[in-house]
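Colleague: Each chain, letter by letter, is given below.
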Amino acid sequence: MKLRSILVGAALALTAASGSLAEKTKVGFVYVGPVGDGGWTYEHDQARKAVVAAFGDKVETMYVESVPEGPDSERVMTDMALKGADLIFTTSFGYMDPTINVAAKFPNVKFEHATGYKMADNVSIYSARFYEGRAVQGHIAGHMTKSNIVGYIGSFPIPEVIRGINAAYIHAKDVNPDVQFKIIWAYTWFDPTKEADAAKVLIEQGADVVLQHTDSTAPQAAAQAAGNVITFGQASDMSEYGPKPRVSSIIDNWAPYYIARTQAVMDGTWASTSTWDGIGAGMVGIGEITSAVPADVKASAEALLARLRDGSYHAFTGPVNKQDGSAWLARGETADDGTLLGMGFYVQGIDSEMPN
Amino acid sequence: MLRVEKRPSPSKTWGYLAPILAVIATMIGGGMMFALLGKDPFEAIRIIFYDPLFSEFAWYYRPQLLIKGAPLILIAIGLSMGFRAGVWNIGAEGQYIIGALFGAGFALAVYPTESVFIFPSMIILGALGGFLWAMIPAILKTKFGTNEILVSLMLVYVAEQLLASMSLGLMKNPEGFGFPGSRNLQQYASAHNAELWIGSGVHMGVVFGLIAVIFAYVMLARHQLGFHIRLTGESPKAARFAGVNPNRLIIFCLGSSGALAGLAGLFEIAGPSGQVNIDFNVGYGFTAIIVAFLGRLNPFGIMLAGLLMALTYIGGEIAQSSLGLPSAAIQAFQGMLLFFLLAVDLLTNFKIKWAKTEIIV
Numbered sequence: 001m002k003l004r005s006i007l008v009g010a011a012l013a014l015t016a017a018s019g020s021l022a023e024k025t026k027v028g029f030v031y032v033g034p035v036g037d038g039g040w041t042y043e044h045d046q047a048r049k050a051v052v053a054a055f056g057d058k059v060e061t062m063y064v065e066s067v068p069e070g071p072d073s074e075r076v077m078t079d080m081a082l083k084g085a086d087l088i089f090t091t092s093f094g095y096m097d098p099t100i101n102v103a104a105k106f107p108n109v110k111f112e113h114a115t116g117y118k119m120a121d122n123v124s125i126y127s128a129r130f131y132e133g134r135a136v137q138g139h140i141a142g143h144m145t146k147s148n149i150v151g152y153i154g155s156f157p158i159p160e161v162i163r164g165i166n167a168a169y170i171h172a173k174d175v176n177p178d179v180q181f182k183i184i185w186a187y188t189w190f191d192p193t194k195e196a197d198a199a200k201v202l203i204e205q206g207a208d209v210v211l212q213h214t215d216s217t218a219p220q221a222a223a224q225a226a227g228n229v230i231t232f233g234q235a236s237d238m239s240e241y242g243p244k245p246r247v248s249s250i251i252d253n254w255a256p257y258y259i260a261r262t263q264a265v266m267d268g269t270w271a272s273t274s275t276w277d278g279i280g281a282g283m284v285g286i287g288e289i290t291s292a293v294p295a296d297v298k299a300s301a302e303a304l305l306a307r308l309r310d311g312s313y314h315a316f317t318g319p320v321n322k323q324d325g326s327a328w329l330a331r332g333e334t335a336d337d338g339t340l341l342g343m344g345f346y347v348q349g350i351d352s353e354m355p356n
Numbered sequence: 001m002l003r004v005e006k007r008p009s010p011s012k013t014w015g016y017l018a019p020i021l022a023v024i025a026t027m028i029g030g031g032m033m034f035a036l037l038g039k040d041p042f043e044a045i046r047i048i049f050y051d052p053l054f055s056e057f058a059w060y061y062r063p064q065l066l067i068k069g070a071p072l073i074l075i076a077i078g079l080s081m082g083f084r085a086g087v088w089n090i091g092a093e094g095q096y097i098i099g100a101l102f103g104a105g106f107a108l109a110v111y112p113t114e115s116v117f118i119f120p121s122m123i124i125l126g127a128l129g130g131f132l133w134a135m136i137p138a139i140l141k142t143k144f145g146t147n148e149i150l151v152s153l154m155l156v157y158v159a160e161q162l163l164a165s166m167s168l169g170l171m172k173n174p175e176g177f178g179f180p181g182s183r184n185l186q187q188y189a190s191a192h193n194a195e196l197w198i199g200s201g202v203h204m205g206v207v208f209g210l211i212a213v214i215f216a217y218v219m220l221a222r223h224q225l226g227f228h229i230r231l232t233g234e235s236p237k238a239a240r241f242a243g244v245n246p247n248r249l250i251i252f253c254l255g256s257s258g259a260l261a262g263l264a265g266l267f268e269i270a271g272p273s274g275q276v277n278i279d280f281n282v283g284y285g286f287t288a289i290i291v292a293f294l295g296r297l298n299p300f301g302i303m304l305a306g307l308l309m310a311l312t313y314i315g316g317e318i319a320q321s322s323l324g325l326p327s328a329a330i331q332a333f334q335g336m337l338l339f340f341l342l343a344v345d346l347l348t349n350f351k352i353k354w355a356k357t358e359i360i361v
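Chains as they are written, first to last, in our numbering: chain A, 1 to 356; chain B, 1 to 361.
This is chain A alone, in the form it adopts within the complex (with noise of 0.2 Å):
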C-alpha cells in the first residue's frame, strides 16, 4: 500500500509538474525488438515517427528498444511513468500483465497494450486483422505453389498466429486442393539465425512459398538464395526483396491510431477500449503485388482484397471444420470475433499437429 501511494504521489505530483511546466503530451513506446528489425518494431517506429510528425512541439516521444517480456519491462514501463509520460504503447502480446501491474499504480497515465486481452479503466487493448492480410497471402500462395507445398514459419503458437495459418490455408485450398502446408514454430519473434534456418528447412522439405510470422528479412534473404522460392513482407513491406522472392507484403500501419490516440489524450477525451480494424480501416495494408505474379491470379487477389476492404466478405466464411473433423462454421456462416480473439485450432486439412 505504502509503495502504491508513494507512486500514485509521485505520478500526481507530476503530472501536475508537466501540466504547469508546458503543454507537451509525453508518450511513451515499449519494443520488443530493435527498431531496425525491418518489420514489426519498425513498423511501431515509423508510427511514432508519425506521431512527432503529426504534433510537432506538442508531443515529445521516448522509447526502449528490446525490452524482453516480463519483469524487465515492468521496470521499463515505470520509468517512463515516473519520467511523466501520458500515454504508453507496449507494443507486445508479453506486455499484457506487466502493462495491467504498472497501470494500476499510475492510474493518471494512460496505457494502451497491442494484441492483449486484458483490459483496466486507463489500459486500452488495440490489434489488427492480419488474418485478413493472409487471406490474400493465402490466395497468391495457392495459385503460385508448383509443388504444392506452402512453408510456413509461426513464432509462437497463440490465436493471432494460428489464426493466421488457418486463413492462409483455408483460401490457399480454395484455389489449389492439393496444397498442403508445412508449419515450423520457431519460438521467437525476432531472430534473424532462427528464421533463416527455419526457412531454410522448409525449402529443403520442399517448400516453394514461405509465409513468415516472425519480423526479420532473414527468411525473404533465404529464399533470394535459394532461388525458385516466393515469400510475402511481413509486418512490414520489405519491398527490397521485390520484385522476387518477395512478391506481397502486409503491411501494419499504426499511424492512424496512435496520432488519434495522442489526440484523445491531449482532448482528455481518451477513454478505454478495445481495438480491432482491419484492412477496411486501413490498420493493414497489402504491398504491392510484384510482376512475378501472373496478371490473372493479380486480378483475383486483388478482387478477393477489395471484398475484404468493403466488409462484403468475411475471412472465416462457413462451410469450415476444425481440425478433428467437428463442424465448426456452417455454410454462409461468418466467425464470431470471441472465437477468432481465443482461436486454439487449426482447421480441417491441415497436417500438422498443434505443439504443446
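Since the hints were derived computationally from the structure, they do not count as laboratory data.
The beta-carbon is built from N, C-alpha and C at its ideal position, and this holds for glycine as well.
Heads up, a few of these hints could be off.
What the hints assert, rightly or not - Label-pair distances were calculated between CB atoms; the ranges are: (1) B/V116 - A/E204: 53 to 59 Å; (2) A/G36 - B/R62: 31 to 37 Å; (3) A/D174 - B/A109: 40 to 46 Å; (4) B/L140 - A/A330: 54 to 60 Å; (5) A/S147 - B/I24: 58 to 64 Å; (6) B/L150 - A/N228: 36 to 42 Å.
Claimed, not checked - Interface residues of chain A toward chain B, partial, derived using beta-carbon atoms under 10 Å: (7) G28; (8) V35; (9) M343.
Given the coordinates of chain A, work out where chain B should sit on it, guided by the hints.
Modeller: Only chain B this time, still in chain A's reference frame:
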C-alpha cells in the same frame, strides 16, 4: 621496449585493482562510443552509473537493483565454486528454468489451496529441480568422462523446449483464452514470493543471495571442502595426492551450482516474473558467468559485480529512454566491461617491464 614477464604468483594488489581499472576503461571506451553516436558521453555515463542510485527517482531504481542483481548473484556464487575447481558449468540457464518449473509446477498443481507450507515446498523443489538438471552433466562426466561444458550447455536448449511445452500445454492458464502462459503466481498469495517490506525490493531471493554469499565465503575460507576446491583449481595433481576425490568434487560443484540456479529461477518465477511463459528466461544464467569472473570468483566480489551488472542494465534502460541510445550500444557497453577485465587481468599474472632492445645475431 615493453616486455611481459610472468609473475611467480598472481599479484594481490592487481587482483583488486583490475576490476576497478576495467570499469574506468569501460567508461572511457563506452564514452567514446556514445560520443560517436552523437550523444553527450558525460551525460550518458552519468545516467548509467549515477542516476539509478542518486537521481530523483532513485527510490524506485535502488530496490530494482536488488531484484535484478539477486538472481545474478545467486547463480554466480554457485558457478564460482566450480570455476575455481576447474568444473565448468555453462548451463546455469537451463538449471534456472528447471528449478522454476519444479517450484511453479507444484504451486499450479495445488492451486488454489492456501497454506503456509506451499512456498517453502516450492523453494525446496526449486533447488531440487536445478540440482537434478545439473546431475545429468555431472554423472555423465564422472561415469563416462564426457565434457561438462558441452553437456550442460546443450541441456539449456532442452530446458527451453520444456519451458515452451509447459507454457503451451500442461501449465497453461485454463482461464487464459487459449493464450500461452500459466496463471500468475503473483495473484496466488501462498505461492507469491512477495517483497518482505513493500517498496524495498527485498524478496526471499535477495535474502538467499546474501546467505549464499556468506556461506560460500565461510566455506572457501574455513572449511576443508573449500580448501579442496581451491587446491584442485590450483594444482589438480597435488589435490589428488592430498586425497581429494575428483568425482565427488565434480558432483558437489555441479550440484550446488545447479541448486542455486534452480533457486534463482524459483524466486524469479514466484516473484518478479510471476508466470511460466515461453520467454521466462532472459539470460541470467549466462550473464552470471560474467558476474562470477568480474567478481574474481570471490563471494563478496561477486556480490558487488552482480550489483554493478544490474546497475548497467537499469542505467542502460534509463539512458535508452532519455537519450534515445540504441539497445545495441548498451549491450556493447556491457561487453566492453568483460573485455577490459580480461585485458587488465594480464597485470595480475604478468609484470610489464621496460627492457633494453637486444639484437641477437
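Colleague: A/M343 was flagged as interface toward chain B. Is the shortest Cβ-Cβ separation under 10 Å?
Modeller: 7 Å, holds
Colleague: Holds or violated: 31 to 37 Å for the Cβ distance of A/G36 and B/R62?
Modeller: Cβ of A/G36 to Cβ of B/R62: about 33 Å, so the range 31 to 37 Å holds.
Colleague: Let me know if the C-beta of A/G28 comes in closer than 10 Å to any C-beta of chain B, holds or violated.
Modeller: 7 Å, holds
Colleague: How about A/V35: closest beta carbon in chain B under 10 Å, or not?
Modeller: 8 Å, holds
Colleague: Take a look at whether the Cβ-Cβ distance between A/D174 and B/A109 falls inside 40 to 46 Å.
Modeller: 45 Å, holds
Colleague: Quick check on a hinted range of 58 to 64 Å for A/S147 and B/I24, using CB atoms only.
Modeller: The hinted range 58 to 64 Å holds for A/S147 and B/I24, with Cβ atoms some 60 Å apart.
Colleague: The hint says 53 to 59 Å between B/V116 and A/E204; measuring C-beta to C-beta, is that right?
Modeller: 56 Å, holds
Colleague: Within 36 to 42 Å or not, the Cβ separation of B/L150 and A/N228?
Modeller: Roughly 38 Å apart at Cβ, these two residues keep to the hinted range, so it holds.
Colleague: Can you tell me whether the CB distance of B/L140 to A/A330 sits inside 54 to 60 Å?
Modeller: 57 Å, holds
The structure shown violates none of the earlier numbered hints.
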